[in-house]
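**Student:** Work out the full structure, taking the sequences as your base and the hints as a guide.
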Amino acid sequence: MIAFRGVSKVYTASGREVAALRNVSLRVEAGEIHGVLGQSGAGKSTLIRCANLLERPTEGSVSVDGQDLLALNPEALRKARQGIGMIFQHFNLFGSKTVAANVAYPLEVAGAPREAIRERVEELLSLVGLSDKAQAYPSQLSGGQKQRVGIARALAPRPRVLLSDEATSALDPETTRSVLGLLRDINQKLGVTLLLITHQMDVVKAICDSVSVLERGRLVEQGKVTELLAHPSTRLHQLCFPAFAPPTDAPSGRRVALTLAGEHARRPLLGTLARQFDVDALLVEGAMERVGNTRVGRLLVDLQGSADAVSQALAYLREQGLTLEEAAHG
Amino acid sequence: MDSQLPRLLGVATGETLYMTSVAAVLVLLAGLPLGVLLVVTDRGGLWERPALNRVLGTLVNVGRSVPFIILMVAIVPLTRLLVGTTIGTTAAIVPLVVAAIPFMGRVVEQSLREVDAGLVEAAIAMGSTHRRIVFQVLIPEALPSLVRGTALVIISLLGYSAMAGAVGGGGLGDLAVKYGYMRFRTDVMLGCLVVLLVLVQLVQWLGDALASRFDHTGARSSR
Ligand SMILES: Nc1ncnc2c1ncn2[C@@H]1O[C@H](COP(=O)(O)OP(=O)(O)OP(=O)(O)O)[C@@H](O)[C@H]1O
Ligand SMILES: [Mg+2]
Numbered sequence: 001m002i003a004f005r006g007v008s009k010v011y012t013a014s015g016r017e018v019a020a021l022r023n024v025s026l027r028v029e030a031g032e033i034h035g036v037l038g039q040s041g042a043g044k045s046t047l048i049r050c051a052n053l054l055e056r057p058t059e060g061s062v063s064v065d066g067q068d069l070l071a072l073n074p075e076a077l078r079k080a081r082q083g084i085g086m087i088f089q090h091f092n093l094f095g096s097k098t099v100a101a102n103v104a105y106p107l108e109v110a111g112a113p114r115e116a117i118r119e120r121v122e123e124l125l126s127l128v129g130l131s132d133k134a135q136a137y138p139s140q141l142s143g144g145q146k147q148r149v150g151i152a153r154a155l156a157p158r159p160r161v162l163l164s165d166e167a168t169s170a171l172d173p174e175t176t177r178s179v180l181g182l183l184r185d186i187n188q189k190l191g192v193t194l195l196l197i198t199h200q201m202d203v204v205k206a207i208c209d210s211v212s213v214l215e216r217g218r219l220v221e222q223g224k225v226t227e228l229l230a231h232p233s234t235r236l237h238q239l240c241f242p243a244f245a246p247p248t249d250a251p252s253g254r255r256v257a258l259t260l261a262g263e264h265a266r267r268p269l270l271g272t273l274a275r276q277f278d279v280d281a282l283l284v285e286g287a288m289e290r291v292g293n294t295r296v297g298r299l300l301v302d303l304q305g306s307a308d309a310v311s312q313a314l315a316y317l318r319e320q321g322l323t324l325e326e327a328a329h330g
Numbered sequence: 001m002d003s004q005l006p007r008l009l010g011v012a013t014g015e016t017l018y019m020t021s022v023a024a025v026l027v028l029l030a031g032l033p034l035g036v037l038l039v040v041t042d043r044g045g046l047w048e049r050p051a052l053n054r055v056l057g058t059l060v061n062v063g064r065s066v067p068f069i070i071l072m073v074a075i076v077p078l079t080r081l082l083v084g085t086t087i088g089t090t091a092a093i094v095p096l097v098v099a100a101i102p103f104m105g106r107v108v109e110q111s112l113r114e115v116d117a118g119l120v121e122a123a124i125a126m127g128s129t130h131r132r133i134v135f136q137v138l139i140p141e142a143l144p145s146l147v148r149g150t151a152l153v154i155i156s157l158l159g160y161s162a163m164a165g166a167v168g169g170g171g172l173g174d175l176a177v178k179y180g181y182m183r184f185r186t187d188v189m190l191g192c193l194v195v196l197l198v199l200v201q202l203v204q205w206l207g208d209a210l211a212s213r214f215d216h217t218g219a220r221s222s223r
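Residue numbers (the numbering used here), protein chains in the order written: chain A, 1 to 330; chain B, 1 to 223.
Misleading hints may appear alongside valid ones.
[Unchecked claim] Only pairs whose alpha carbons sit at most 25 Å apart, straight line, appear in this in silico DMTMM-like list of lysine to aspartate or glutamate:
no., chain 1, residue 1, chain 2, residue 2
1, A, LYS97, B, ASP208
2, A, LYS224, A, GLU263
3, A, LYS79, B, GLU121
4, A, LYS205, A, GLU221
5, A, LYS133, B, ASP215
6, A, LYS79, B, GLU48
7, A, LYS133, B, ASP116
[To be verified] Restraint-style ranges between C-beta atoms, simulated for each label pair:
no., chain 1, residue 1, chain 2, residue 2, range
8, A, ASP68, B, GLU114, 32 to 38 Å
9, B, LEU82, A, ASP132, 43 to 49 Å
10, A, ALA71, B, GLN110, 37 to 43 Å
[Said to hold, decoys possible] Which chain B residues stay away from chain A? Per the calculated CB distances, all over 12 Å, these:
no., residue
11, THR13
12, LEU29
13, VAL83
14, LEU193
In case anyone wonders, no lab produced these hints; they're calculated from the structure.
Note that beta-carbon positions come from the ideal geometry of N, C-alpha and C, so glycine has one too.
**Tutor:** Take a look at the structure:
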C-alpha cells in the first residue's frame with residue numbers, strides 16, 4: 001500500500017548538509033498498522049512527510065496505493081493527497097473554524113456537495129464520539145478531543161491510508177490509550193492502512209502489526225512486532241526490555257534469562273520445571289508485556305536444584321524452542 | 001467661544017472622515033493583496049517567486065522610508081494626473097493612499113506570517129489548492145490580527161490626513177493650523193484635538209471589538 005524505495009533526504013541548513021534519511025526502503029501492506037520507531041532526530045517526521053510529499057526525497061521513490069507520487073503533476077498530486085489522511089502531534093486544527101467546519105474542510109477541497117458534506121460530518125463526529133461538539137471551536141476542546149477531531153477530519157474523504165506523526169505524543173497515558181483504541185477500530189472497521197511514527201514503545205506494542213526501527217536516518221530493522229520481540233537480539237526487543245542491571249546479589253542457582261513469546265507465553269513453564277524436573281525457579285527480575293493480543297516477556301530466573309536436574313531442565317527449555325541466555329557469572 | 005466653532009469643526013470633521021475613509025478602502029483593497037503576495041512569493045512560500053518578492057519588498061521599504069511630507073510633494077505630478085488638481089481633500093487622498101499601502105502591506109504580511117505553519121501544511125496534506133489555502137486558511141486564521149492591523153493603519157491615516165490637510169487639503173489638520181495656530185484660536189485648536197482623539201479612540205475600540213469577535217482561540221471566544 002505504501003512503498004519507499006531507496007529514499008534519501010538531505011537537508012541543507014546554513015550551508016551544512018544533514019542526511020535525515022539514508023537509503024530507506026519500506027513496505028506497508030494494505031490493512032496493516034505499521035509503526036516507525038526511533039529516537040528524536042532519527043528522521044521519523046521526515047520519513048512520514050515523504051509519504052505525502054510534504055517533503056520531497058532527494059533520492060528514491062515513494063508510492064502510495066500503486067501511484068508513484070514523484071511522477072505526478074501538481075494537480076494529480078493534489079488528488080492523490082485527498083486519498084492520504086494525516087494527523088499531527090499538535091493536531092493542526094483550524095482555530096477559526098468550528099469542529100464541524102474543520103471536518104468539512106477536506107470534503108470542500110474534494111468538491112463534495114453541501115448536503116453530502118453535512119451528512120458525512122455528522123457521521124464522522126459520531127464515529128469519534130464528538131457529536132455534541134460540532135459547533136465548538138478547537139480551543140474549547142481537550143487534547144484528546146482535538147486529536148479525535150483531527151482523526152475525523154483526516155478520515156472525511158475516505159482515505160485508504162492514514163499517516164500519523166506522533167499523534168499521541170502530546171496526550172496523557174489515559175487519553176493516549178483511547179486515541180490508540182480509536183485508531184485500531186478505524187483500521188479494523190474501515191480497513192484503513194496506518195503508517196504511524198512514534199518514539200514510544202508503548203504505542204508500537206499497543207496497536208502495531210509491523211514495525212521499522214529508524215536510527216540516524218537508517219532503517220535498522222523491520223518486521224512483525226511479535227516476531228521481532230520474540231528474539232532478544234533484535235533492536236525492538238532491546239528497546240522493549242532494557243538489559244537487566246548487573247546483579248548486586250550472588251545468584252541463588254543457575255541464573256538464566258528467558259524470553260517468552262507466542263506459545264511459550266501461554267504455558268505455565270515454571271510449574272512444569274518444578275513438577276517434571278524438581279527444579280525451583282526463583283524470579284529475580286522481568287516483565288511480561290501485552291503486545292496486540294498476545295504476550296511477550298523476559299524473565300531473569302535462578303534455577304535451583306541439583307546440577308543434573310537443572311541441566312535437564314535447561315535442555316528441556318531449549319528443546320521447546322525457548323530463547324534462553326545464561327547470565328555471565330557475577 | 002463663538003457660534004462659528006461647531007460649524008467649523010463639523011465641516012473639518014466631515015472632510016477628515018471623507019479623506020480617511022476613502023483612503024482606507026483603497027489602502028485595504030491594495031494592501032491586502034500586497035501582503036498576501038509578500039508572504040506567498042517568499043522562499044518556502046506557496047507560490048515561490050524570489051525575484052518578485054525582492055522587488056515588492058524593496059518597493060515597500062522605499063515607500064515606508066520616505067517621510068510623508070516629502071512623499072506628498074514628490075508625487076504631486078501623480079496627484080495632478082489622477083485628480084486634476086493638487087489641492088483639496090480629494091487630492092489629499094492620493095498621497096495618503098500611496099503612503100499607507102506599503103504600511104498596510106507589511107501589516108498584512110506580519111499577520112499572515114503569525115499563522116501556524118502547521119495549518120498550512122495540514123491543508124496541503126489534504127490536497128488544498130493554494131487559492132483555497134490563502135482564502136480559507138491563512139486569511140481566516142489571521143483575521144483578528146488583520147483587523148487589529150487595519151485599525152492601526154486607519155489611525156495612521158487619520159494622522160497623515162491631518163498633515164495632508166495642513167498643506168491645503170482641508171480637514172481637522174487644516175483647521176487647526178489655519179485657525180488654531182495662525183489666528184491664535186485656542187478653542188479651535190482644542191476642538192480639533194478632541195475630535196481627533198475621539199476618532200482615534202473610536203477606531204481603536206471598533207478594531208478591538210471586531211478582533212475579539214473573530215478570535216476563537218482564547219478563553220474569550222464566543223459560546
Ligand atoms: N527543514 C529542515 N531543515 C534542516 N534540517 C532538518 C529539517 N527538518 C529536519 N531536519 C533534520 O533532519 C533530522 C531528522 O529530523 P526529523 O524531524 O525527521 O526527526 P524526528 O525523528 O521526527 O525527531 P523528533 O522525534 O524529535 O520529532 C534532524 O537532524 C533534523 O535536525
Ligand atoms: Mg518528529
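**Student:** Each hint: holds or not?
**Tutor:** Right, here's what the structure says about each hint:
1. A:LYS97 x B:ASP208: holds, 20 Å
2. A:LYS224 x A:GLU263: Distance of about 16 Å is within 25 Å: holds.
3. A:LYS79 x B:GLU121: Distance ~16 Å between A:LYS79 and B:GLU121 Cα, so the pair holds.
4. A:LYS205 x A:GLU221: holds, 16 Å
5. A:LYS133 x B:ASP215: holds, 18 Å
6. A:LYS79 x B:GLU48: holds, 21 Å
7. A:LYS133 x B:ASP116: holds, 23 Å
8. A:ASP68 x B:GLU114: 32 to 38 Å: holds, 37 Å
9. B:LEU82 x A:ASP132: 43 to 49 Å: violated, 57 Å
10. A:ALA71 x B:GLN110: 37 to 43 Å: holds, 39 Å
11. THR13: holds, 36 Å
12. LEU29: Answer for B:LEU29: holds, closest chain A Cβ roughly 22 Å.
13. VAL83: Holds: least Cβ distance 39 Å, greater than 12 Å.
14. LEU193: holds, 39 Å
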